[in-house]
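Novice: Letter by letter, the chains look like this.
There are 2 protein chains.
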Amino acid sequence: MEFIQSIQNSKVKQWAKLISKKGREQEHAFLVEGEHLVEEAMKAEELIQCLIIQETMQEKYQGWIDECRAPSYLVSEQVMNKLSETQTPQGICAVVQINKHSLSELTEGRPILLALDGLQDPGNLGTIIRTADAAGIDGVILGKGTVDLYNGKVIRSTMGSIFHLPIFQLDLTVEIPRLKEKGFRIVSTSLEGAVAYDEPQYADAVVIVIGNEANGVSQEILQCSTTKVKIPLYGQAESLNAAVAAGIILYEAARQRRKLQG
Amino acid sequence: MEFIQSIQNSKVKQWAKLISKKGREQEHAFLVEGEHLVEEAMKAEELIQCLIIQETMQEKYQGWIDECRAPSYLVSEQVMNKLSETQTPQGICAVVQINKHSLSELTEGRPILLALDGLQDPGNLGTIIRTADAAGIDGVILGKGTVDLYNGKVIRSTMGSIFHLPIFQLDLTVEIPRLKEKGFRIVSTSLEGAVAYDEPQYADAVVIVIGNEANGVSQEILQCSTTKVKIPLYGQAESLNAAVAAGIILYEAARQRRKLQG
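So the protein sequences, as listed, match chains L and X. Read left to right, the first sequence gives residues 1 to 262 (UniProt numbering). Read left to right, the second sequence gives residues 1 to 262 (UniProt numbering).
Rather than coming from a laboratory, the hints here were simulated on the basis of the structure. Treat the hints loosely; a few may be bogus.
Chain copies aren't distinguished; within one or between two, either way the pair holds.
What the hints assert, rightly or not - Here are the computed lysine-lysine pairs in the DSSO-like style, where the Cα-Cα straight-line distance is at most 30 Å: (1) Lys22 / Lys259; (2) Lys228 / Lys259; (3) Lys230 / Lys43; (4) Lys82 / Lys259; (5) Lys153 / Lys180; (6) Lys182 / Lys82; (7) Lys180 / Lys43; (8) Lys22 / Lys228; (9) Lys21 / Lys153.
Hey, can you work out the whole structure from these sequences and the hints?
Specialist: Have a look at this one:
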């Protein structure tokens with residue numbers, strides 16, 4: 001197993017490129033860090049390109065090194081700090097290939113999809129992906145203007161759910177009309193002309209669209225929607241956090257489907 | 001109107017004490033910063049002890065200075081930076097008196113209360129208070145071991161909801177049995193021995209208890225609960241974010257109450 005001490009090493013330079021969006025797009029790969037996320041990545045093992053482990057942690061992770069089919073590298077603390085975006089690195093990272101799913105795989109049966117239209121906050125995006133996983137959503141579509149999926153903060157906030165369901169980065173103004181034509185109902189959040197979020201039925205093929213934190217769902221997507229929904233505000237709060245709002249609507253859909261199944 | 005230039009000024013030293021929990025407890029006051037939060041504080045004007053405005057912002061906030069019955073102070077950028085916990089201070093702060101509500105005010109009728117048992121993350125606490133406000137919850141009880149309500153990150157995450165509903169810092173092991181004796185149902189989240197969160201009815205007087213992010217609701221409170229509930233996990237996610245979980249349960253309660261009212 002190779003030991004890499006210097007941050008000038010060419011592999012380290014290549015890995016460090018993955019911290020930027022441009023680098024990830026060039027390499028079709030991203031970095032995950034920390035024990036829990038690497039553990040989740042190892043369940044999708046065919047995607048792992050390599051494990052990177054701080055030398056002081058070799059004993060702890062020897063079982064993982066033995067088990068992983070991809071190569072492992074031991075690195076110095078200095079190298080680990082260069083690759084880590086957290087204040088207290090856990091001493092383990094993995095380089096993971098970006099998985100290209102096809103949306104057409106998901107149009108059979110009565111799928112339930114979530115689309116995000118220009119969501120800005122990395123913590124919100126990660127938490128929403130985690131919530132979509134928990135609620136049993138079949139796939140998530142990230143529209144243009146949504147924060148990059150492979151941003152380190154997004155990945156950490158997903159708590160591993162990034163490996164649990166297919167996630168697409170696509171143009172909603174192209175995909176939403178296509179899904180509608182295929183028979184999907186398009187349920188978008190909106191403050192105006194909307195019914196309460198628990199009024200529509202979510203049992204058939206449906207796309208739930210959540211918008212930008214400040215501006216909501218764009219006009220173009222609203223005009224293409226089958227139903228507009230809102231979450232009633234009973235107190236004096238002016239709005240809900242986007243991840244909380246997504247959780248309330250996704251779980252109403254899951255609740256209805258559970259009731260129908262008895 | 002007094003202008004304060006130096007961070008050595010005795011008023012500035014007194015205000016800066018409010019950044020620490022100990023200082024807030026001594027002074028029975030806390031600091032809020034930023035335009036939106038100060039605006040919300042001004043709606044509860046009797047609680048404002050003073051407005052603090054950066055001299056460069058005097059023109060923008062002259063209307064607020066005229067309107068506020070409490071004294072206003074103009075300060076240098078250096079003073080504002082000392083009082084601010086954010087990277088880009090908005091140039092306006094207020095010192096607000098800590099409001100002491102009594103829980104006994106809230107036991108008439110069929111109130112719906114939220115209790116938090118050892119919640120740790122400031123962002124989660126603020127977001128949960130914002131969500132409780134939105135869902136029309138009558139009051140929030142923060143148990144021992146829950147992060148301090150007047151922590152700057154908590155206040156900012158409430159988006160002003162800290163001024164919209166009564167919030168109590170109490171010992172749940174004392175208050176929950178008392179509320180139960182007064183006829184409240186105690187609905188606690190739990191992974192074991194729990195029914196789905198939408199099975200109980202939330203129409204009568206009820207306390208919903210959400211636990212610590214890692215360990216959940218404490219055994220002592222679980223033993224005193226009328227009903228244990230869980231949110232089903234349909235995918236591979238191991239848990240939900242605490243604020244998302246709170247939102248799903250609080251809105252199920254609000255949904256049931258809305259349905260009953262027709």
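Novice: Does each hint fit the structure? Answer for all of them.
Specialist: Okay, the hints, checked on the actual structure:
no.	hint	result
1	Lys22 / Lys259	neither (45 Å within a copy, 50 Å between copies)
2	Lys228 / Lys259	both (23 Å within a copy, 20 Å between copies)
3	Lys230 / Lys43	between (37 Å within a copy, 26 Å between copies)
4	Lys82 / Lys259	neither (50 Å within a copy, 55 Å between copies)
5	Lys153 / Lys180	neither (32 Å within a copy, 42 Å between copies)
6	Lys182 / Lys82	neither (47 Å within a copy, 58 Å between copies)
7	Lys180 / Lys43	neither (34 Å within a copy, 46 Å between copies)
8	Lys22 / Lys228	neither (36 Å within a copy, 48 Å between copies)
9	Lys21 / Lys153	both (13 Å within a copy, 29 Å between copies)
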